[in-house]
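Number of protein chains: 2
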Amino acid sequence: MSPFCRKVRLSLAEKRIECELVEVRYWERDPDFLRRNPAGKVPVLKMDGKLMAESSAICEWIEETCPEPALMPATPDARVEVRRLVQWFDDKFHSEVTSNLLYERVNKKLMKSGYPESRNIKAGAQKIKFHLDYMSWLLDHRRWLAGNTMTLADFAAAAHLSALDYISDVDWNRSENVRDWYAKIKSRPAFRSILADVVPGFPPPAHYADLDF
Amino acid sequence: MSPFCRKVRLSLAEKRIECELVEVRYWERDPDFLRRNPAGKVPVLKMDGKLMAESSAICEWIEETCPEPALMPATPDARVEVRRLVQWFDDKFHSEVTSNLLYERVNKKLMKSGYPESRNIKAGAQKIKFHLDYMSWLLDHRRWLAGNTMTLADFAAAAHLSALDYISDVDWNRSENVRDWYAKIKSRPAFRSILADVVPGFPPPAHYADLDF
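Heads up: the protein sequence lines correspond to chains G and X, in order.
The letter at position 145 of the first sequence is residue 822 when you use our numbering, and the numbering goes up by one with no holes.
The letter at position 56 of the second sequence is residue 733 when you use our numbering, and the numbering goes up by one with no holes.
Heads up, a few of these hints could be off.
Since copy identity is lost for identical chains, a pair holds within one copy or between any two.
The list that follows gives simulated cross-link-like pairs (lysine-lysine, DSS-like), each with its CA atoms no further than 30 Å apart [what the hints assert, rightly or not]:
(1) LYS799 x LYS786
(2) LYS692 x LYS789
(3) LYS718 x LYS804
(4) LYS723 x LYS799
(5) LYS789 x LYS804
(6) LYS804 x LYS727
(7) LYS727 x LYS806
(8) LYS718 x LYS786
Treat the hints as calculated values from the structure; they're not laboratory data.
The task is simple: from the sequences and hints, build the whole structure.
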C-alpha cells in the first residue's frame, strides 16, 4: 500500500515495463534489505542488476531510460511544476494526510506498533479536504494536475489517493473535477495492478476497484 | 538558515547566477507569501518573472536552463544516485538531524514557538553520528558523495551541515574524509555568501567561516 511504491509501479506500467513485486517487511530492518537501501524504505527497484532507491529518483531514471510514453513535459518551465507537485504530494500531502490516515489505520496494525491515535485521524480527515480543494482549484485551470498532459504529478497524487481510497478515506463527492480526474486515471491499464491489491486483514470496499465509483 | 534555501543558493552561485535574497517569515503564513507558494515554505525563486517552489524542483530547473558548470552527471545511472542522496539529506537527514537540532535550538526561538526539547536534541546529536559515518563510508569509495564529480548531492549535504555547523553541532573530528570533503566544498566561491550569513541573536562561532577549521 505504500504510495511511493504505487507511484513507481504506475510509471513502470504506463511504459509497459513488467515488474515482479516482492513484499518487504521493511520496518523489521532486515540487514539484507538495509544493504539494498540503507534508508530502510520502500520502494527499491532492481533492473538490469542495478539497485535503485527513493521513488522520485527512480521515476526520473525510468523517464530518462524509457522516455515513451512521456510522463514529463518537454520544457523546463513545465517540468518544474511537475516536480513541485510530486514533492507536494510526497511531502506535504504525505505528512498531513497519508501519515495521519493510512499509517494510523493500516501500517500501525501491520507493524504491530500500537493503536490508531484518533487525534491524528481527525487531523488527517480535516487536512484531506484542503488538499482535495487545492486539486480542484488546479483542475479548474488545467486538464491534468500539472498542465494539459498527464504527468508524474498525477501519478504521485493518484498513488496517495488510491491508497486512502482503499480504506474509504476519500470523499469523492467533494468536488466533481477531482472525481472526474480520478475516474480518468483509474481507468488506465497502468492502474489495473493497483486495483487488484489486497492487504490481508483489510478487505477493500466495493467501490475501490470499481471504475464507475 | 534554511538548508533548502542554502542548497538553491549554492546551485545558483556555482553557476554564477546572482540573486537577491529576500527574508521571509514564512511561519507567519502571510497571504502574499502563500500566493507565491501555497505550501508555505521557503525557498521560492523568482526568475524572469516566473515563481518556482520546492528546492529540488528548482535545482533541476537551474540545471536544465543553465547546465554549466554541471551539478548533475551525464548518465541516468549516475543521476539516480545523485537524486537518491539529495533525497537522503532532504528527507532522512532533515527529519532525524536538522529538525532535532537546528529547529529545536534556532527556529523555535525565531518563531516564538516554544522551548527546545532536550529529548529531541539528544536524538539529533545521536543520529548525526550515523549520518557522518555513512558519509565517511561513501567518501571511502568516492571523491565526492555521489561519485567522482561534485554534484547536487554534495550541495544538499553541505546545506544541512553548514547550518548545523553554525550552531556548532557538527563534530568534524569524527572522520577525516568528511572533514576534508567539507573543507573542499567550503573553500568554493559559491560558499562565500553562506559563510557570511548571520542570524540575529545567534552569533556564529569563530570556526564557522574559517576555511582552516
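Results for each hint:
1. LYS799 x LYS786: both (18 Å within a copy, 29 Å between copies)
2. LYS692 x LYS789: neither (36 Å within a copy, 49 Å between copies)
3. LYS718 x LYS804: Cα proximity of LYS718 and LYS804: in one copy and across copies (25 Å, 17 Å).
4. LYS723 x LYS799: neither (38 Å within a copy, 37 Å between copies)
5. LYS789 x LYS804: Close inside one copy (26 Å) and across copies (24 Å); limit 30 Å.
6. LYS804 x LYS727: between (38 Å within a copy, 29 Å between copies)
7. LYS727 x LYS806: Result: close only across copies, 28 Å inter versus 40 Å intra.
8. LYS718 x LYS786: Result: close within a single copy only, 18 Å intra versus 33 Å inter.
Of the hints listed earlier, those the structure fails to meet are numbers 2 and 4, in rising order.
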